[in-house]
Amino acid sequence: MKVIVYAVQTVEGWTPYWTVDWSIDRRYWLDGGFREGVGEAIGPRGIPRPSEATPRLVKLMEPLPLGWAEAVCDRLKAEWSGRSRELALESVRTGMGQALQAVVGEGERGNLLSTMTEIVTAGGAGAKDENEPGRGNAWEGSSDANSRAARSKAEGRALAERLPRLAQQLAGRSLLREEAASMLAAPDAATLLRELQLAALLGAARLSAAIAPAAARGPGLRCRRCGSAEARMRRTACASCGRSGCAVCEACLALGRSRECALLARGAEPGASVLQARRAGVPAADELCGRWGLSPAQRRASEAAVRFLRGEGEFAAGTRAAQAAGHGGRERGLTDSGPPNVGLRRTAIAASSDEHGLRSLVRTATARLLAGRRRDPMALQARSFLLWAVTGAGKTEMIFPLLEAVLSAGGRALIATPRRDVVLELAPRLAKAFPGYSRAVLYGGSEERWHQAALTLSTTHQLLRFQEAFDLVLVDELDAFPYHNDPMLHYAAAAARKPDGATVLLSATPPTPLRRAASRGRLPHAKVPVRYHRHPLPVPRALRMPPLHRLAASGRPGLKAGVKLPGRLLQALGASVARGAQVFVFVPYIRQIDGLVAYLRWSASAWGISPEAIDGTSSKDEGRRDKVVAFRDRQLRLLVTTTILERGVTVPRSDVFIFDAHQTLFDEAALVQMAGRAGRSADDPAGRVYFCSAYHTLAQRGAIGQIRMMNRLARRGRYLLGSEEGEG
Amino acid sequence: MSALEWLHRLLHPQLEACPRCEREVRTAPAAALPIRHPGPRAVLSRLCGDCRSAVPWILAIGCPVCGRSARCQDCLRRRVRHVERSRCAVRYTEEMKEWLAQYKYSGAERLEPVLAAMLAAPLERLIVERAVPFDLIAAVPLSAERLDERGFNQAERMATRLSRWYRIPYRPLLQRVRHTEKMSFKSRRSRLTDLRGLFEALPETRELRKPDDAPISLLLVDDVYTTGSTINECAFALRRSNPRLDVCGVLWARS
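Chains as they are written, first to last, in the numbering used here: chain A, 1 to 728; chain B, 729 to 983.
Excised from the complex, chain A in its bound form (with noise of 0.2 Å):
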């Protein structure tokens, strides 16, 4: 969209602005009638006000395009400081029309824009404008000023009433003009443009472009929504803004177009999170965590996220561990941060399509040899805890005293999880647990996507359309498909976190760097070695058998005559359906599914159950839910998959068989992961689990280091079951 630069003396001095509702600002500034009803309404402090009893306006006389107007405001003001006052009329009509030559000329050519300014006053020829509301005949056959001024007044004042409901709604959120009419419920689009105006001029809203520009020596354009840099933007012709080079943040695509010339609605900046607020008589963490009924081993690793939250006991302020928490990574502001990074190889190719692409190639590439280090867009955020907790721990309970921490004193608490499956999973516990808190659950077409609540519970996609919104950010399984390696939804995790709140990661497999920050004494963090049920995690056994695509021929469904699974494979797999366990068999490709199932049906009836009892199931298979269903209610015996099970699914009596496990696609946290499938549940605790491959691999070795250094610390925090018997 195009928009409307102009600059006024306020008592601060000669101020550059720019609105999306020329009308709104006019009057405001002209129209002291109207500004004293504004007053009257939201309260006269800290609201801007002109110097002069008749003031003039400075207005180019084209609206720009947005992302241009910005800049040259943002030129303005920087050009301006220290010595706004002293500026004459004249200069700052030529500077007004060299900032916008300077701007233009960092852009691509062949968009010609006047340069030329006007002057507005209250008189003036430009304060006629017919289209504005309430302003019919009357008004211009009245000689009686006074009730003229009553009556700008009485506008000005109903327009500002409504603010402060829109202020609260846009709390915590970044969104794009049309998420903005949806939420607020505008009845047309010059109503939201006037009310969002009104409150951007106010300070209760910040309107800004979609895409931050270039600034002069910065590292080139970058999505506020999503935090992507030049590599993924694509500039298109434009026709809302006129422009021939308009960049779209690709990244974002999926939640709406975010592009340089699009406004994007964010509230007013966040006060102190409740997290920071000292108060007597909150019931200490040791009590808060004992009346959710966990277990030691969750109850201990409870109680020492909640001291987090609070920077009480080992967290004071002062000691190491605080400082560790507030020196875990890098502070991500939301203006002035660089952008997250992509390879300097992945900017190379994008470049070589055109000219802009090369300019900001060398720009980004001086940008980072300046900054001296490479910027890592999945840095850790300062005041970040890690909860790394077994399969089966149960980490459902174990986040509900941080929440009840958060929300009894009165802070907003965000649970983000990549899966919409465990969104709608989770939401019922959430609602038996906390029901005196207003609650939100959002996902892809959720019908609460505009609600405001204390708790939210979200897929990380939708995080994109918060900002700076809570004081507790949980994000579940951070190691999983699509959050792990996705820099947009790290950053949108960050970003939705006030600067001062802070985020608790949980984990069964956190990544190596998480695990080296953790050990290292740089991330404050806890382990829950134990299931919920106090027994061991079975420890994988290792068993040889030749590479799955000898058995069966890639794409073709059966397996070559001659070669055979081997016997004692075979064994294994009857031996535990012979035990009335469930069978889980993962193989690393969806191609050798159907192969194999139809392989296995022939052993059916040696195992002494149906062929139809076996079956496999994919992502790309539609009855996927009804065979999970089937499997758990032990119609299936025997399923074999993908990683696509490896999480989030709970079978009772389960054992675990890993084909091909040498593969590279199952590295050490999916090894970890379908490992922990087997034997969760109390009455069947020792669940047998096979990693069945050609050779040994690293990641298997470090899978069952993992499990093994797990069940050494339960045993020796005597978390396990006799433990304490034993030894206590």
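For the record, the hints were derived by calculation from the structure and aren't laboratory data. Errors might be hidden in some of the hints.
Within a straight-line C-alpha distance of at most 27 Å, the following computed DSSO-like cross-link-like pairs (lysine-lysine) qualify [to be verified]:
#: 1; chain 1: B; residue 1: Lys825; chain 2: A; residue 2: Lys620
#: 2; chain 1: A; residue 1: Lys2; chain 2: A; residue 2: Lys77
#: 3; chain 1: A; residue 1: Lys2; chain 2: B; residue 2: Lys825
A partial selection of chain B residues facing chain A, derived with a Cβ cut-off under 7 Å [stated by the list, open to error]:
#: 4; residue: Ser834
#: 5; residue: Gly835
#: 6; residue: Ala836
#: 7; residue: Phe880
To give a feel for the contact side, a few chain B residues facing chain A, derived at Cβ under 8 Å [said to hold, decoys possible]:
#: 8; residue: Glu837
#: 9; residue: Arg838
#: 10; residue: Leu875
#: 11; residue: Asp876
#: 12; residue: Gly879
Where a beta carbon is used, it is the ideal one built from N, C-alpha and C, also for glycine.
Got chain A; can you put chain B on it based on the hints?
Just chain B now, with coordinates in the frame of chain A:
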């Protein structure tokens, strides 16, 4: 980034991403393309195998008027016809609906070359069938409001790409007089009545002339052919302004 990671990145093969699904293209697609021109062929051959074989090309024409793959009722019902004939690239299946929605409504402009290249198939078919080369390309216009909201006119964008590939000059000849609700929400009857007088030819249209007053072959581009009334109305406006025009339609999908 560690030195090892850097080295890995340096040595890793550069896999191209499919412009549609953004996944890495690993296997060479097997599906043939019904297009001869190397430009659009090159664009479409960057699609991955899955996306490429998902395209439901219209290869056999059932209705000589609208280019549908089956015989059609609409063309029999219409008495006055202003479009000589239309040809469409694909059947408007659920999958194709999603492709178009991604481009049109979500604004995934990376799909633009792909969709434009798909239009090359019906264009080439028309050229062969008619044996008369086209003199001009025009596109069905959007209303100013819609253009402002969307930021681009998909038909115009596709038309300019075709114009560059086939060296047929593009001219904006039409404008939309009124703003209507999205066509996709409407029934057949309300489409027909709503469209009346919706388009107007620009003054330039009147001036178009060929030596010795030969008829001018004009190609009109649009995205979806549902009843054919939009393109027919456009052709009507054009021919009223300049009767020497012969209008043919080329559309991306036939529903």
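Per-residue hint verdict: B:Gly835, partner chain A, C-beta under 7 Å = holds (4 Å)
Closer than 8 Å between Cβ atoms is the bar; does B:Glu837 clear it against chain A? Give me holds or violated.
-> holds (5 Å)
Using Cβ atoms only, decide whether B:Asp876 comes closer than 8 Å to chain A, and label the hint accordingly.
-> holds (5 Å)
Keeping to a limit of 27 Å between CA atoms, is the pair of A:Lys2 and B:Lys825 held or broken?
-> Cα-Cα ~31 Å, so violated.
B:Ser834 as an interface hint toward chain A, with CB separation required under 7 Å = This interface hint holds because 6 Å falls under the 7 Å limit.
With a cut-off of 8 Å on the beta carbons, see whether B:Leu875 makes it to chain A.
-> Holds - the Cβ of B:Leu875 comes within 8 Å of chain A, reaching about 5 Å at its closest.
Minimum Cβ distance from B:Ala836 to chain A below 7 Å?
-> holds (6 Å)
Has the given pair, B:Lys825 with A:Lys620, been kept, meaning a C-alpha gap of at most 27 Å?
-> At roughly 20 Å apart (the allowed maximum being 27 Å), A:Lys620 and B:Lys825 satisfy the hint.
Status of the hint placing B:Arg838 at chain A (closest C-beta pair under 8 Å) = holds (7 Å)
Regarding the pair A:Lys2 and A:Lys77, is the alpha-carbon distance no greater than 27 Å?
-> Distance ~20 Å between A:Lys2 and A:Lys77 Cα, so the pair holds.
With a cut-off of 8 Å on the beta carbons, see whether B:Gly879 makes it to chain A.
-> OK, holds: B:Gly879 within 8 Å of chain A, min 5 Å.
B:Phe880 as chain A interface residue, shortest Cβ-Cβ below 7 Å | holds (6 Å)
The structure fails to meet hint 3 from the earlier list, while all remaining hints are met.
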